[in-house]
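Asker: Protein chains in written order, with the working numbering: chain A, 1 to 388; chain B, 1 to 388.
Check the hints yourself; a few may be wrong.
Chain copies aren't distinguished; within one or between two, either way the pair holds.
Stated by the list, open to error - Capping the alpha-carbon separation at 20 angstroms, the derived lysine to aspartate or glutamate pairs in EDC-like fashion look like this:
#1 K58 with D209
#2 K375 with E5
#3 K301 with E374
#4 K58 with E75
#5 K151 with E164
#6 K232 with E158
#7 K58 with E190
#8 K73 with E83
#9 K73 with D209
#10 K151 with E168
#11 K12 with D306
#12 K58 with E204
#13 K232 with E164
#14 K375 with E339
#15 K283 with E339
In short, the hints are calculated from the structure, not lab data. None of these values were measured; they are calculated from a predicted model.
Protein chains: 2
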Amino acid sequence: MLLPELKRRRDKIRSLMAQHHVDAALIACNTNLLYTCGQIINGYLYLPLASPACLFVKRPNMISGEQIYSIGKPEEITGILREQGLPIPGAIMLEGDELSFGEYNRLAALFPESEAINGTPLLRRARSIKTEMEMEMFRRAGIAHAKAYGKIPPVYREGMTDIEFSIEIERLMRLEGSLGLFRIFGRSMEIFMGSLLAGSNAAEPSPFDFALGGKGIDPSAPVGASGIVIRKGQSVMVDYVGNFNGYMCDMTRVFSVGQLPQEAYTAHQVCLDVQETVASLAKPGAVCEDLYNAAVDVAAKAGFADYFMGAGRKARFVGHGIGLEINESPVLAPRIKTELEAGMVFALEPKIVLPEVGAVGIENSWAVTTEGVEKITCCREEIIDLLG
Amino acid sequence: MLLPELKRRRDKIRSLMAQHHVDAALIACNTNLLYTCGQIINGYLYLPLASPACLFVKRPNMISGEQIYSIGKPEEITGILREQGLPIPGAIMLEGDELSFGEYNRLAALFPESEAINGTPLLRRARSIKTEMEMEMFRRAGIAHAKAYGKIPPVYREGMTDIEFSIEIERLMRLEGSLGLFRIFGRSMEIFMGSLLAGSNAAEPSPFDFALGGKGIDPSAPVGASGIVIRKGQSVMVDYVGNFNGYMCDMTRVFSVGQLPQEAYTAHQVCLDVQETVASLAKPGAVCEDLYNAAVDVAAKAGFADYFMGAGRKARFVGHGIGLEINESPVLAPRIKTELEAGMVFALEPKIVLPEVGAVGIENSWAVTTEGVEKITCCREEIIDLLG
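Excised from the complex, chain A in its bound form (with noise of 0.2 angstroms):
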């Protein structure tokens, strides 16, 4: 990746690190380092606020034109900023929600006269705002991921369990380059590609803080598609994950077996009608909350409240930030007084699970510019007959 960009990034860190008078960052983690050197490396990245980051790497990799050094283990760095002239941070940046305890340790002894500080809050906070060379990044990933869900309707066939059906589009994904790689902030949640839901299997429960949840094949993993066969009269929806280029471009799309109950074309019209409604006031300055409740308006006043974001079991947020992870911030949910910014990039998933039939809604990938919103992941809204 070209040096502007890393810079243009690594200055935005900066940024926030003055005005949380940090002095330095130690970078570890894959998704930040990712998001700092343009490529996954075996090491850390020394960030100064007023000089030049040192890259340490552990393991040979193709990287130039930086201040490179080869180390065998985090114990060295010191010794080398040292031997650079730069001077002992006052205050250190660790990623504290990141890193294991046993691995912040290690790392704020390193720097034993500083005071460590968890960065992990303002690095999230950088990488909410993203380049313009990251929203190309997201253009690309949605254009791969709506030509792979076009492709969807034939690869079914009648008898299918959902399984079957989810196997058939992973491929799909990955032959439009999908990298496949799902990646998500915190520890607890796990998920392969996605999640293909049918019938009443949309309504099981999860313990994972996705929108739906599903059953699962087993209990070591127990989300999405449970095996069952996918029959007529059911919706099917899909949402899976488009990393095709390190970005969690997000999608669903919801197909059906044969002709549904009229209320699920209502349903799924109503979700139509809350991203409309959501689209048209997301803007640099709107309120995340503001934009949830205007959500749960639309659906209440249309009588779905109950089914809203899942029955029995519901999702408190209807939307949510993704960038390098599909968990950024901001989150479209209750007490969020968070305010969209141009170069943010988010996630819309109005959805509503009707019990026997299963789950209706859309989501769209959305990218805030000045003047409002983008849509990056276009591609046919309505539900598609797979018999049709």
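Chain A is already provided as a structure; the job is to place chain B on it using the hints.
Answerer: This is chain B only, laid out in the frame that chain A set:
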């Protein structure tokens, strides 16, 4: 899962806790929850040395037959323990190498009068000796894994890229029941389902500590297949994780496109010889570094020292424990004095990289029995010609 099985696992942890003067453990991470509860939950298992365990669940789950408490946040745990009359632990064990720094401190703060101890090494030690039921889970995974690999030759088509071939193998694995999720201890290594290495890509380094590397198709996922067309005269090494039930079965087989140079068959046979040598020495009491040295000896005597376990960048191990994660204890590597014990399960993967041809070699998963080892991934081990 049956409670006697869970009690057996928990008592294994308790017995190590007693040795280390730990009074209670609070378990919060998915892998350890899966081990101690038989399923992934969103919550915490409180495991005292001398009283029954208490499960604190944040989201509804179908769990019965235990002391279960519904909570909104972990701060509610200690009040409930007090109400139950459980004593404050003198030393409490937390997952210090798995929880983030922030989470560890939050959980440690629940027990301000207790000494917090990093329990990750002890939990990994307990998990390294499988129960009879876990062995059975591995045997079943091995059968499904071998079945999927047996179907590989027909999905190859001439002119395929390595990625296209990967995608068809991923599909075979999923159709046999693979859950897809690839669980790895530690935060630094990331891979999707496994790796396929064709031709010279096998010699490309990656930042990760897997046996071999590969360039990958994007800087955000630098490992495995690289998008090149597979050519005649090249080897194709297929190394996928067989996660059919939470247990990470590991198996590698080598294919060729047409005839390979004779050296490749010689090198492959050397790897089979390494496997036979190590398997004949492996039994309770055998020391890991001795097994590693025996492996290197066989390769060196055959003249392949320079290419054994990588050309250029070399892996410094020839085998690794497997379980709910791909990298468990023991590791067959230099300076590892761990002795094998009945109940351990490990992958043995002697591999040789021939720069122009690709990688050859073998990997099987082995269970340590009271007398020796049992191979749990059984299918053809010779190089199979995809054109033949």
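Asker: Now look at each hint and say whether the structure bears it out.
Answerer: Here's how the hints hold up against the structure:
no., hint, result
1, K58 with D209, "between (35 angstroms within a copy, 11 angstroms between copies)"
2, K375 with E5, "neither (24 angstroms within a copy, 51 angstroms between copies)"
3, K301 with E374, "neither (27 angstroms within a copy, 64 angstroms between copies)"
4, K58 with E75, "within (12 angstroms within a copy, 39 angstroms between copies)"
5, K151 with E164, "both (16 angstroms within a copy, 17 angstroms between copies)"
6, K232 with E158, "within (9 angstroms within a copy, 39 angstroms between copies)"
7, K58 with E190, "between (28 angstroms within a copy, 16 angstroms between copies)"
8, K73 with E83, "within (17 angstroms within a copy, 47 angstroms between copies)"
9, K73 with D209, "between (36 angstroms within a copy, 14 angstroms between copies)"
10, K151 with E168, "both (10 angstroms within a copy, 17 angstroms between copies)"
11, K12 with D306, "neither (42 angstroms within a copy, 46 angstroms between copies)"
12, K58 with E204, "between (45 angstroms within a copy, 16 angstroms between copies)"
13, K232 with E164, "within (16 angstroms within a copy, 33 angstroms between copies)"
14, K375 with E339, "within (19 angstroms within a copy, 58 angstroms between copies)"
15, K283 with E339, "within (9 angstroms within a copy, 62 angstroms between copies)"
Violation of the numbered hints given earlier is confined to hints 2, 3 and 11; the remaining hints are satisfied by the structure.
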